[in-house]
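Undergrad: As a plain string of letters, each chain reads:
There are 2 protein chains.
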Amino acid sequence: MRLVTQTAEMRAAVGETKKQGKSIGLVPTMGYLHEGHLSLIRFARQFADCVITTIFVNPKQFGPAEDFGRYPRDFERDKALAESAGTDILFAPEVGEMYPEGYLTFVEVEKISDILEGKFRKAHFRGVATVVAKLFNITRPDSAVFGQKDAQQAAVIRQMVKDLNYGIKIVLCPTLREPDGLAMSSRNVYLAAEERKESTALWRSLLFARDLVRNGERHSSKIVAGMEKTIRESPHAVIDYISVACADSLEEIPAIKTGDEVLISLAVRIGSTRLIDNILITV
Amino acid sequence: MRLVTQTAEMRAAVGETKKQGKSIGLVPTMGYLHEGHLSLIRFARQFADCVITTIFVNPKQFGPAEDFGRYPRDFERDKALAESAGTDILFAPEVGEMYPEGYLTFVEVEKISDILEGKFRKAHFRGVATVVAKLFNITRPDSAVFGQKDAQQAAVIRQMVKDLNYGIKIVLCPTLREPDGLAMSSRNVYLAAEERKESTALWRSLLFARDLVRNGERHSSKIVAGMEKTIRESPHAVIDYISVACADSLEEIPAIKTGDEVLISLAVRIGSTRLIDNILITV
Numbered sequence: 029m030r031l032v033t034q035t036a037e038m039r040a041a042v043g044e045t046k047k048q049g050k051s052i053g054l055v056p057t058m059g060y061l062h063e064g065h066l067s068l069i070r071f072a073r074q075f076a077d078c079v080i081t082t083i084f085v086n087p088k089q090f091g092p093a094e095d096f097g098r099y100p101r102d103f104e105r106d107k108a109l110a111e112s113a114g115t116d117i118l119f120a121p122e123v124g125e126m127y128p129e130g131y132l133t134f135v136e137v138e139k140i141s142d143i144l145e146g147k148f149r150k151a152h153f154r155g156v157a158t159v160v161a162k163l164f165n166i167t168r169p170d171s172a173v174f175g176q177k178d179a180q181q182a183a184v185i186r187q188m189v190k191d192l193n194y195g196i197k198i199v200l201c202p203t204l205r206e207p208d209g210l211a212m213s214s215r216n217v218y219l220a221a222e223e224r225k226e227s228t229a230l231w232r233s234l235l236f237a238r239d240l241v242r243n244g245e246r247h248s249s250k251i252v253a254g255m256e257k258t259i260r261e262s263p264h265a266v267i268d269y270i271s272v273a274c275a276d277s278l279e280e281i282p283a284i285k286t287g288d289e290v291l292i293s294l295a296v297r298i299g300s301t302r303l304i305d306n307i308l309i310t311v
Numbered sequence: 029m030r031l032v033t034q035t036a037e038m039r040a041a042v043g044e045t046k047k048q049g050k051s052i053g054l055v056p057t058m059g060y061l062h063e064g065h066l067s068l069i070r071f072a073r074q075f076a077d078c079v080i081t082t083i084f085v086n087p088k089q090f091g092p093a094e095d096f097g098r099y100p101r102d103f104e105r106d107k108a109l110a111e112s113a114g115t116d117i118l119f120a121p122e123v124g125e126m127y128p129e130g131y132l133t134f135v136e137v138e139k140i141s142d143i144l145e146g147k148f149r150k151a152h153f154r155g156v157a158t159v160v161a162k163l164f165n166i167t168r169p170d171s172a173v174f175g176q177k178d179a180q181q182a183a184v185i186r187q188m189v190k191d192l193n194y195g196i197k198i199v200l201c202p203t204l205r206e207p208d209g210l211a212m213s214s215r216n217v218y219l220a221a222e223e224r225k226e227s228t229a230l231w232r233s234l235l236f237a238r239d240l241v242r243n244g245e246r247h248s249s250k251i252v253a254g255m256e257k258t259i260r261e262s263p264h265a266v267i268d269y270i271s272v273a274c275a276d277s278l279e280e281i282p283a284i285k286t287g288d289e290v291l292i293s294l295a296v297r298i299g300s301t302r303l304i305d306n307i308l309i310t311v
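Order-wise, the sequence lines are chains A and B.
Residue numbering for the first sequence follows the numbering used here, beginning at 29 and increasing consecutively.
Residue numbering for the second sequence follows the numbering used here, beginning at 29 and increasing consecutively.
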């Protein structure tokens, strides 16, 4: 595995790779890698000749009151894990390399950036779209792999790729979970022991919703009410939102129809840790 | 010369060109080609193996009260001119091909998009940056050629290329002028005979400014006052702005210092036609 920290060197490495006629698969991450990330790298490994994993904690996608400063980092461990999962080139630039003095340009995907997560995290998806556009331009991949856990992020990036004619295939990988169902996330390390126990409420509520739908429930308000009840059993859990939406547009739907692909998603704060999760249901 | 109207076909043609190891030079235009455009194509012809000229009247860079609907168009003539100047591939997509139903993504270059032209044409440079980002992604050029007449547009695009890591060389070509000094522009056809005579006021005022600076004037307010006086001699001319700015940042400067590269630019309405022009002065 080759480690690259400079944009110019990364661009040159991509040029060489392209000259050899090799396809490039990109796996953008913020590091502190867990099995979920590794599954993305392993997936890319299966179809791309050259897998580029990026590690960059992107300040532009954190709000001023958010956890950019304390976001967990362990570069030496990440390096070993990225290599073991099959990374060919690890691109890990510094903040100043990605956003030098006088940086001014942002990519905005309207509408889908403003709902759900976007309502609670202003400018979050603007930061995401911008850094992904930059990484696309630096690494010029044929395909890029993202996790289903960040479903809205994937929707924003898919829209950007389509609108800005990137011609890059966006591949989604299923969410990996701890044995008790908690979705893997670098932020899970924030959870104190009691909070960690309560954090299973997200997945339990999603399974509850899935069972409701399987048993014939079609009204979103009933599904949301059932999920709220499940989560309220955890005394430290505070719901930011629960959404029943069209999986494509992320527009919320009052009632599910047969044939719909539905994304049920939620954000819940457990103490000071904010967790998200979702489930895709084809009805 | 090959004519392409579909994005997918354009992308495939670019893929073939790249496979042959050829460099690509892009000349983005809104059509109704004049000698200024042709000089850009001829310039690209000198350093690129494959010259892609695009003709697309981009609705996203026109305000609601602006001239999108009546912007002059003559595709058959453009086709012949583009070919004669050395275009290899002419890309001329329809609006629906570039902005299909449900289009949501925009590129914004902050600060330099909001001054000068941006003050009078809200969202203009957002439309420019967006369409150029799209054209860059579709045609993946090594270099792109723009005219010095649209100096602020060039500054916005240079900033975008740097910030979003496009790795594309931006080449500027000097403004071509009619024998009486009027900068060539597709919009000059709007001018009635009397307005056409008065339109030389822009260039005369810029030459006047240059002479003032050559004669030692260093105060921007004096230079602007002199230019205003020159332009007021034309009864139908209304000044939108006159700016003495740093050529790089486009930030206005109260006084010129030795060694400065200064951009003096202006926008003037003659009747219902809005004209822009500028001059670069190294002091």
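Derived by calculation from the structure, the hints in this document are not laboratory data.
Take the hints with a grain of salt, since some may be wrong.
Same chains, same label: a pair holds when it works inside one copy or across any pair of copies.
Restricting the straight-line Cα-Cα distance to at most 27 Å, the calculated cross-link-like pairs of lysine-lysine (DSS-like) are [stated by the list, open to error]:
(1) Lys257 with Lys190
(2) Lys225 with Lys88
(3) Lys107 with Lys285
(4) Lys107 with Lys88
(5) Lys250 with Lys190
(6) Lys50 with Lys285
(7) Lys46 with Lys139
(8) Lys50 with Lys147
(9) Lys285 with Lys46
(10) Lys46 with Lys88
(11) Lys46 with Lys190
(12) Lys150 with Lys50
(13) Lys88 with Lys47
(14) Lys46 with Lys250
(15) Lys285 with Lys197
Since the model is a prediction, treat every value here as computed from it, not as a measurement.
Undergrad: Which numbered conditions among the earlier hints are violated in the structure presented, ordered from lowest to highest?
TA: Violated hints: 1, 2, 3, 5, 6, 7, 8, 9, 10, 12, 13, 14 and 15; rest satisfied.
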